[in-house]
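Asks: Residue strings, one per chain:
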Amino acid sequence: MKKIIIADDEHKILMSLEYSFKKNGYDVYIARDGTEVLDFLKTMVPDVILLDIMMPNLDGYSTLEMIRHDERLKDTNVIFLSAKNNPKDIEKGLEMGADAYVTKPYSIKRLMQRIEEMNNR
Amino acid sequence: MSSFALFSVVLVYLALLFLVAYLAEKKKSKLWINNPYIYALSLAVYCTAWTYYGSIGVAATSGLSYLTIYIGPVIVIPAWIYINTRIVRISRINKISSLADFISLRYGNSRSLSAIITMVCLFAIIPYIGLQIKAISETFHLVTETPVSKNILTDSATFVVVLIAVFSSYYGTRYVDASEKRLGIISAIALESFLKLFFIIILGLFVIYFVFDGFSDIYEKASRFSDFKAKNTLNGVEGALNWMVLCMISGTAICILPRQFHTAIIENRQEKHIKTALWFFPLYLLVFTLFIFPIAWGGRLIFNGQNVNPEFYSILIPQYFNNTVVTVLVFLGGLSSSISMIIISSITLSIMLSNNMIIPYGLLGKFKAENEANNTRIITRIRKFSIFGLVIMAFAFYKYFILKTSLDSVGLISFVIIAQLAPGYFGAIFWRRGSYRGVLTGLVAGLVICYFGLIIPQYYFSYNQEFKGVLRSMYDAFSFFDIPYLGRIPEVFFWSLLLNAGLFAMISVSMKGNYRERNFAELYVDIDQYIQNHENAFIWRGTAYVSDIRNILVRFLGQKKTEQAMRIFNLKYNIDSEAETADSRFIKFSENLLAGRIGTASAKILIEGVTKEDKISLKEVLNILEESKENIILNKKLTEQSQELKKLSDDLQNANENLIVKDRQKDDFLDSVAHELRTPITAIRSAGEILADDDDIPPDIKKEFLNNIITESDRLNEIINDILYLDKLEHGEIALNVRKNNILETYKKALNPLLHLIQQKNIHISEVNLLNHFIFEYDEARLIQLFQNILGNALKFTGEQGTIQTKFFIREQELMITVFNTGKHIPEEDLELIFDKFYQSKNQNILKQAGSGLGLAICRKIIQNHGGTIRAENSGLGVTFIIHLPHRHKNMKLNDKKAL
Chain A
1 MKKIIIADDE HKILMSLEYS FKKNGYDVYI ARDGTEVLDF LKTMVPDVIL LDIMMPNLDG
61 YSTLEMIRHD ERLKDTNVIF LSAKNNPKDI EKGLEMGADA YVTKPYSIKR LMQRIEEMNN
121 R
Chain B
1 MSSFALFSVV LVYLALLFLV AYLAEKKKSK LWINNPYIYA LSLAVYCTAW TYYGSIGVAA
61 TSGLSYLTIY IGPVIVIPAW IYINTRIVRI SRINKISSLA DFISLRYGNS RSLSAIITMV
121 CLFAIIPYIG LQIKAISETF HLVTETPVSK NILTDSATFV VVLIAVFSSY YGTRYVDASE
181 KRLGIISAIA LESFLKLFFI IILGLFVIYF VFDGFSDIYE KASRFSDFKA KNTLNGVEGA
241 LNWMVLCMIS GTAICILPRQ FHTAIIENRQ EKHIKTALWF FPLYLLVFTL FIFPIAWGGR
301 LIFNGQNVNP EFYSILIPQY FNNTVVTVLV FLGGLSSSIS MIIISSITLS IMLSNNMIIP
361 YGLLGKFKAE NEANNTRIIT RIRKFSIFGL VIMAFAFYKY FILKTSLDSV GLISFVIIAQ
421 LAPGYFGAIF WRRGSYRGVL TGLVAGLVIC YFGLIIPQYY FSYNQEFKGV LRSMYDAFSF
481 FDIPYLGRIP EVFFWSLLLN AGLFAMISVS MKGNYRERNF AELYVDIDQY IQNHENAFIW
541 RGTAYVSDIR NILVRFLGQK KTEQAMRIFN LKYNIDSEAE TADSRFIKFS ENLLAGRIGT
601 ASAKILIEGV TKEDKISLKE VLNILEESKE NIILNKKLTE QSQELKKLSD DLQNANENLI
661 VKDRQKDDFL DSVAHELRTP ITAIRSAGEI LADDDDIPPD IKKEFLNNII TESDRLNEII
721 NDILYLDKLE HGEIALNVRK NNILETYKKA LNPLLHLIQQ KNIHISEVNL LNHFIFEYDE
781 ARLIQLFQNI LGNALKFTGE QGTIQTKFFI REQELMITVF NTGKHIPEED LELIFDKFYQ
841 SKNQNILKQA GSGLGLAICR KIIQNHGGTI RAENSGLGVT FIIHLPHRHK NMKLNDKKAL
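For the record, the sequence lines run as chains A and B.
Numbered per the numbering used here, the first sequence finishes at 121, counting up by one with no gaps.
Numbered per the numbering used here, the second sequence finishes at 900, counting up by one with no gaps.
Hints are computed from structural coordinates only; laboratory data are not their basis.
By construction, the Cβ of each residue, glycine as well, lies at the ideal position given by its N, Cα and C atoms.
It cannot be assumed that every hint is accurate.
What the hints assert, rightly or not - With a Cα cut of at most 27 Å, we get these calculated DSS-like pairs of lysine-lysine:
1. B/Lys272 / A/Lys3
2. A/Lys92 / B/Lys748
3. A/Lys88 / B/Lys662
4. B/Lys666 / A/Lys88
5. A/Lys2 / A/Lys42
6. A/Lys109 / B/Lys703
7. B/Lys368 / B/Lys615
8. A/Lys23 / B/Lys702
9. A/Lys22 / B/Lys702
10. B/Lys26 / B/Lys368
11. B/Lys703 / A/Lys23
12. B/Lys26 / B/Lys181
13. B/Lys728 / B/Lys740
14. B/Lys807 / B/Lys796
15. B/Lys807 / B/Lys740
16. B/Lys181 / B/Lys272
17. A/Lys88 / A/Lys42
18. B/Lys702 / A/Lys2
19. B/Lys231 / B/Lys221
20. A/Lys3 / A/Lys109
21. B/Lys619 / B/Lys512
22. B/Lys796 / B/Lys748
23. B/Lys636 / B/Lys646
24. B/Lys181 / B/Lys807
25. B/Lys384 / B/Lys561
26. A/Lys109 / B/Lys702
27. A/Lys23 / A/Lys42
28. B/Lys749 / B/Lys761
29. B/Lys561 / B/Lys366
30. B/Lys703 / A/Lys22
31. A/Lys2 / A/Lys74
32. A/Lys92 / B/Lys666
Stated by the list, open to error - Partial selection, computed: residues in chain A whose CB lies under 10 Å from chain B:
33. Asp75
34. Thr76
35. Pro87
36. Lys109
Work the whole structure out from these sequences, hints included.
Replies: This is how it looks when you write it as structure tokens:
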């Protein structure tokens, strides 16, 4: 079973993502901020991480940086999910090493398809 | 005291002056030299032996009129701030080095006028210098208790005089350019001024406290003299009139006496020094006069009935009490007064003599053939010998003319003669029409009256009572003009100046001056306009070659200095250094370069010799002056306009920068708004997508998603409302409806809708009320909103079973409300930022709150509109919001129409 960590500080956004990924057969781990993501990563290696950028305590950028420094996670796909949608922000996110940058609001269906494509590659 | 001992004291004293002069020359920039008090003290060269001895004699024998010599200056000196400031400017830019230069330059740079003025000064001042020598000599013999030797060559006083002559001729001619500042001499003079005041204070205290029992003792004893009252009052209208005229005489003298002109104008290094002198010098004079009275009357009490000269009371009193120290100090004080007068007078007279008589009338031809070194040597040698010669002449004058006359009368006669220059002098800076012919006629007429009214009786009659002949009958004819209630000197002063000024005015008005006079009249009267580039104001037309003028300059300045000066000139006026023909500016510039060395008149003559000037009519000159004046005004206007433009463009720049900042703020705000809106939209869209695509969704989850859609829609609406509301608050579209309200009731109204949520979270809420009245003025609806935002905020951050406490109290008569909650501390650096819009989304380190992110921003705006403040503070176990609500405040954004 594919493992996915979903990090966002909005409860209602997490709810719908959790429901959809579970339904599609993912093992879903829910994090409220960057530190919770890092906590999960101590004990597991997920296939995909969905990261919000604006989160309390540790934001998406910093979390990604930690992830990219971890050898174990070199095959993990990290996708930014953010309401910051201007080109500069997107460019910055990709430059930092995210595999994809998806702007809010998104279609869960298309998000899922993209993740499937990434996993198959 | 023996002659030898006193002579040694004098020698040591002169050596001290030499030393001071030497040190001051060496350390020109040092503060003790370069300060306004040196300048102000040097003006006290006004107080001569006449003050030291003569005034005391006057006070003892003829009463209050001694005061006029000091009161006149004290009255006139305040006007210096205007008069002397301008004269200093005029003299600086024209390189004027003496009184004769100053007056004659204004009236067409006339050689003859400057020579006549020099003569007047010589005639007036040489007897005056003689007077100083007389004082030195007589006091010397008085102190040493020796008789005056018949043979001048063996008289010790002669040696003192020669010493002084050597000193002044050495230090007075250090610079060939007479308009240079003589720091050494001036510092020595300032020291002397200080010492003479210091010594007379010692003598005064000696008389008041040693000889008598205080001032009132002298007064009481002296008042028993039968003539005491008459001598210490003005004696009716007649006396007052005399008194007033004497004040006028001394008031004129303090401005025009050559030595005063020299110290006040030529030696002025900074205009601001005049300001210090304005209060310091009158103060000096007042302190000086303070001691004249007790010394004079003390002397009369001591020597009552004895035949002693009251002019020498200052020496006789300490001598009478066998106090050699005070006697010698007083002698040195008198010596200081005399020496400083002799030095400055002889220097300035020698400059006039050389620059205004000897050089222009005899040496110009020789100068043209010599080189710079020789010319410089000739000029300084002339001045050296002039100084020496003048002192010796004065000595001779004293020996053969004024042995018998009093210090006071000789001084006053000098004053009256010098006062004849007043119409020309003051006319120069105030009146454009004043002309050469007018000045000359007035001056000659005034002098004639002085001659018959003062010189003849003073110097002829005192030796030859039986004096007869043409002069006698002419003198007798003048008695027709006798004014019975004026004394002789005031009377002559009145008539001579009346005639002098009258002729000056009449002739100037009826006969036009030549163009050169008119040119300088403009320059003098409007000095402030021309101060920057005065060379432009000089009108000259004709043919002149730079090389010719340069040849002249080289003969006086030398090759190096000439080239340096020309470089500066070319730079200033942006002139090509290859230019062959010289324009008016260069001619004036060259005249200035020469003026300090050989005087303005000679400078003009020398330059005239190598140039060919075309005739210009007065009308043309006036036109050109008018034009240049218009140009100056136009220039000024343009400058003003360009400054205005500059200011406008600066304003625009600022406005633009403001706009850019505002624009960026607006962009940031829109970004934030978009971001804030997308979050609930994402939640709604996701829930909708699942509900639409997933048919076999469990009913409870379906319900949850539907609820999410509803709450997030509400949230969207809330954000939009808050944005619009805040925008209206910020733009003043929401007027405050300020009424008298009960603050506790308002608070309850805000709290009630929240009670349900508070109970759910088990939060303990309480109020502490320390008010004794509850009625305040505010907009109730806005304050309810404020409380709800703050309480809602507190509610969000306070955990289960936490506490919220609201406190009402008065501080400095204004309402304070604090809301405390046991929530997590806010990082110190964020305590202010939390009131910014969408703060939560910009700072990562705080738990995200549901809500618009505008609540606290709205709170701040509401309280600001009430003229109050709000801030947050970490306190103890939680966070406190502190609200300060002032009384109805002028900063309240009211719209009274709406409020009604």
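Asks: It remains to establish, for every hint, whether it holds in the given structure.
Replies: A quick look at each hint next to the structure:
1. B/Lys272 / A/Lys3: 88 Å, violated
2. A/Lys92 / B/Lys748: 50 Å, violated
3. A/Lys88 / B/Lys662: 21 Å, holds
4. B/Lys666 / A/Lys88: Since the Cα atoms of B/Lys666 and A/Lys88 sit roughly 18 Å apart, the hinted pair holds (cutoff 27 Å).
5. A/Lys2 / A/Lys42: 17 Å, holds
6. A/Lys109 / B/Lys703: 21 Å, holds
7. B/Lys368 / B/Lys615: 25 Å, holds
8. A/Lys23 / B/Lys702: 14 Å, holds
9. A/Lys22 / B/Lys702: 15 Å, holds
10. B/Lys26 / B/Lys368: 34 Å, violated
11. B/Lys703 / A/Lys23: Distance of about 17 Å is within 27 Å: holds.
12. B/Lys26 / B/Lys181: 13 Å, holds
13. B/Lys728 / B/Lys740: 24 Å, holds
14. B/Lys807 / B/Lys796: 19 Å, holds
15. B/Lys807 / B/Lys740: 20 Å, holds
16. B/Lys181 / B/Lys272: It holds: about 16 Å lies between the C-alpha atoms, which stays within 27 Å.
17. A/Lys88 / A/Lys42: Since the Cα atoms of A/Lys88 and A/Lys42 sit roughly 32 Å apart, the hinted pair is violated (cutoff 27 Å).
18. B/Lys702 / A/Lys2: Since the Cα atoms of B/Lys702 and A/Lys2 sit roughly 25 Å apart, the hinted pair holds (cutoff 27 Å).
19. B/Lys231 / B/Lys221: 15 Å, holds
20. A/Lys3 / A/Lys109: Holds, at about 18 Å.
21. B/Lys619 / B/Lys512: Given that 27 Å is the threshold and the Cα spacing comes to 11 Å, the pair holds.
22. B/Lys796 / B/Lys748: It holds: about 19 Å lies between the C-alpha atoms, which stays within 27 Å.
23. B/Lys636 / B/Lys646: 15 Å, holds
24. B/Lys181 / B/Lys807: Roughly 77 Å between the alpha carbons, so the hint for B/Lys181 and B/Lys807 is violated.
25. B/Lys384 / B/Lys561: 24 Å, holds
26. A/Lys109 / B/Lys702: With a Cα-Cα distance of about 18 Å, the restraint between A/Lys109 and B/Lys702 holds, given a limit of 27 Å.
27. A/Lys23 / A/Lys42: Distance ~26 Å between A/Lys23 and A/Lys42 Cα, so the pair holds.
28. B/Lys749 / B/Lys761: Given that 27 Å is the threshold and the Cα spacing comes to 20 Å, the pair holds.
29. B/Lys561 / B/Lys366: With Cα atoms ~21 Å apart, B/Lys561 and B/Lys366 stay inside 27 Å; holds.
30. B/Lys703 / A/Lys22: 18 Å, holds
31. A/Lys2 / A/Lys74: Judged against 27 Å, a Cα distance of about 16 Å means the pair holds.
32. A/Lys92 / B/Lys666: Given pair A/Lys92, B/Lys666 holds - Cα atoms ~23 Å apart, limit 27 Å.
33. Asp75: 27 Å, violated
34. Thr76: 23 Å, violated
35. Pro87: 13 Å, violated
36. Lys109: 7 Å, holds
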